[in-house]
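Asks: Chain by chain, the residues run as shown.
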Amino acid sequence: MNYEQKENMEQPKILTLDDDFSLIKRFIDGDEAVFAELVKRHKEKVRNIVYLTLSSSNSVDDIAQEVFITVYRHLKSFRFESQFTTWIYRITINKCKDHLRKRNVRRIFLPLSEEEKEPVLESINEDSDIKEIVRSAIATLPDKLKIPLVLKDLEGFSYQEIAVYNGM
Amino acid sequence: MNKNYTDKELLSAYIDGELSLNEKKLIEDKIKTSLELQKELSDLKKIKELTSGSVDRISESPFFETRLFANINTQASNRFNYKKWIPIGSLTLVTLTLMVVLKVNPKLIDNIVEQQKSNLAGFYKENLQPLLYAADLTNEDIFNFAVYQELPLDSANQQILKLGFDPAGTEFFEIKNASNISHASNLKSFVAALDLNEAEIEMIDSIIGSYSDQLSSLVLVNDKNSVAINPNIWNTRKVILADILAFAKRFAGQNYSKILPTEVAELDNKTIMKWVSDAKSVKANQYIFFTPDSIFEDDFVFDMDEFKEQMENVKDELAELKEQGVELKEFRINFDSAYGNHKRNTDKSKRYEISVNKDQIKVNVQDFAINIPEIDFPDFDSIAIIINEATKNIYPVIPPSGSVVVGKNNYNYNFNSVKPRNKKGEVSLDSVMHQRNTENELKNNEQKKKYQNQVKTGPDFNDSLMLKQNEELKKEMDNLKKELQKFRQDFTKPNESDSGQSKKSKQKVNPVDTDEIEI
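Residue numbers (our numbering), protein chains in the order written: chain A, 1 to 168; chain B, 1 to 519.
There could be a bad hint or two in this list.
Within a straight-line C-alpha distance of at most 20 Å, the following computed EDC-like cross-link-like pairs (lysine to aspartate or glutamate) qualify [claimed, not checked]: (1) B:K188 to B:E114; (2) A:K146 to B:E150; (3) B:K46 to B:D7; (4) A:K152 to B:E174; (5) B:K48 to A:E155; (6) A:K45 to A:D31; (7) B:K188 to B:E150; (8) A:K152 to B:E18; (9) A:K45 to B:E65; (10) B:K45 to B:E60; (11) A:K131 to B:E174; (12) A:K131 to B:E150; (13) B:K308 to B:D213; (14) A:K144 to A:E155; (15) A:K40 to B:E65.
Ranges between beta-carbon positions, derived for each pair [to be verified]: (16) A:R107 to B:I15: 33 to 39 Å; (17) A:E132 to B:A70: 45 to 51 Å; (18) A:E81 to B:Y5: 52 to 58 Å; (19) B:K39 to A:H74: 17 to 23 Å; (20) B:L91 to A:Y159: 19 to 25 Å; (21) B:L91 to A:K76: 30 to 36 Å; (22) A:D19 to B:G53: 43 to 49 Å; (23) B:D110 to A:H74: 50 to 56 Å.
Derived by calculation from the structure, the hints in this document are not laboratory data. For each residue, glycine too, the CB sits at the ideal point set by N, CA and C.
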């Protein structure tokens with residue numbers, strides 16, 4: 001590989017703190033188009049956190065949309081005291097918690113037949129895949145255990161980050 | 001990590017890579033020496049693999065951004081959707097603005113109302129024409145207006161403008177349906193009583209006639225059933241009266257004091273001129289408007305000259321229409337339908353009070369009338385009767401034909417040379433009129449008192465008074481007849497009364513002549 005070929009190769013994008021911060025600064029300065037870039041960078045992480053937290057694909061996009069709308073509304077008041085990801089994941093966890101709380105409240109007032117179907121262990125039989133069994137088991141965990149587990153084992157966040165996201 | 005954590009917890013953190021170097025070395029040392037920890041570590045690693053491996057990543061959402069930005073735009077537009085706040089915002093803004101404006105300019109509302117009133121007034125003021133012009137006022141009408149305070153508003157005398165006093169002494173004028181107006185030939189009687197010559201008669205006619213246009217412009221009407229009356233009409237009436245008095249005083253000499261009440265006769269020219277001057281000082285362009293919507297007072301300038309010019313132009317057309325037999329309808333003020341809503345109106349300044357009913361519009365004018373004392377005139381009808389009767393009685397005294405030879409020299413005494421309204425000693429017309437004036441003054445005073453007590457019977461009062469006066473006059477005329485009879489007898493029998501004329505008495509009087517002397 002000669003020098004020219006090296007020049008023409010697409011350089012790998014290295015996501016740094018400055019990248020998010022610079023985009024946010026541009027947004028604050030009035031360039032709202034950069035918000036699309038922030039969405040592009042973080043949407044899948046946010047969607048997966050929601051998905052794993054809820055243990056369901058229902059409402060994932062709705063909650064993820066709410067997360068980014070909240071970010072959009074409050075981005076101009078971002079104080080650059082923490083990473084952008086810390087901020088957005090904390091918002092995501094809070095939205096998930098809100099959703100779970102509302103779902104639990106709704107469940108009280110709904111007849112049994114109309115209750116949202118939850119993944120339950122009864123559905124697991126001998127033929128079930130072991131991954132499915134583990135997923136079902138995680139789904140049955142209470143939120144305060146499930147969310148840190150998801151964030152650590154599934155998304156690889158540190159204990160410190162998990163503590164922050166959960167407002168500890 | 002906190003050193004109180006159990007080995008199992010430390011193992012979990014060890015797998016997660018969350019231990020410090022010291023903690024890591026410590027747990028690794030323990031693991032080397034403990035089979036139990038080694039087994040535990042092995043199990044934890046398997047669970048870790050299972051949980052990590054159980055994760056199904058959610059599939060990408062291709063339209064996530066599209067939906068997101070659509071939502072952001074929608075929510076942004078909803079957030080700043082000020083349209084729904086427009087009505088409330090506008091109302092609040094208007095209220096606040098009004099509060100501020102009214103604070104700064106408290107009379108704003110009044111001004112707006114006045115402006116609207118002015119616009120409405122403008123509508124009703126359009127095309128106002130003098131009603132009295134159609135009535136074709138004669139000098140007689142104007143003279144009667146000055147004396148009797150009644151003016152016909154149409155040629156058929158169906159509606160009249162009347163001035164008067166209410167029981168409280170406040171001057172008022174009213175337009176009402178006329179019962180009848182019977183003041184005929186008063187001007188003629190007045191002129192005769194003053195014994196004016198031709199030039200003087202022409203002059204008084206000219207003076208009275210000069211008020212015709214002025215009077216006409218004081219009552220205006222239009223096709224919108226608006227009636228505009230100038231309150232100055234009271235003063236105008238007084239001015240006309242004062243002018244007539246001034247003329248009478250100047251040209252009628254002694255006759256002036258004979259026909260007029262003492263109080264008037266004593267008036268000097270200066271006083272009369274002051275009345276005229278006072279009346280002219282009153283604002284002449286102020287009218288009270290009666291409209292179907294409201295009654296209001298406003299300034300209005302009516303250009304009589306322009307109107308007359310227009311009338312000159314339409315005169316020919318009117319003449320043509322008359323020739324063609326087209327009857328022109330006379331304007332009549334319709335009290336009932338147009339003004340039924342106005343029960344009672346009083347303006348803010350209390351300068352006038354208006355009442356309207358189905359038969360009349362009545363306006364009390366407290367401040368408009370100038371201070372000219374009311375004058376009680378003699379009854380001109382009775383003056384006319386006196387003059388006629390007296391003239392009638394004197395005229396037959398004249399031998400109709402031939403001359404009577406008197407005395408030796410056949411002196412012809414021509415009876416035709418005796419003038420009916422002439423010299424001393426024949427019939428004392430002056431004394432009769434003077435007596436009548438005194439009586440009238442007393443009667444007028446009584447009339448005033450009675451009027452104040454019985455206002456409602458006012459219109460009938462004049463009629464009854466006149467009848468009474470006529471009856472008394474009849475009695476007096478009977479007495480006069482008797483006196484004349486006696487005078488005739490004395491005249492026809494000179495021998496019995498005067499012996500020095502015995503020869504004259506022998507002359508026979510033609511019986512035909514005697515018959516003619518009979519009354």
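Asks: Broken hints, numbered, in rising order?
Replies: 1, 2, 4, 6, 10, 11, 12, 17, 18, 19, 20 and 22
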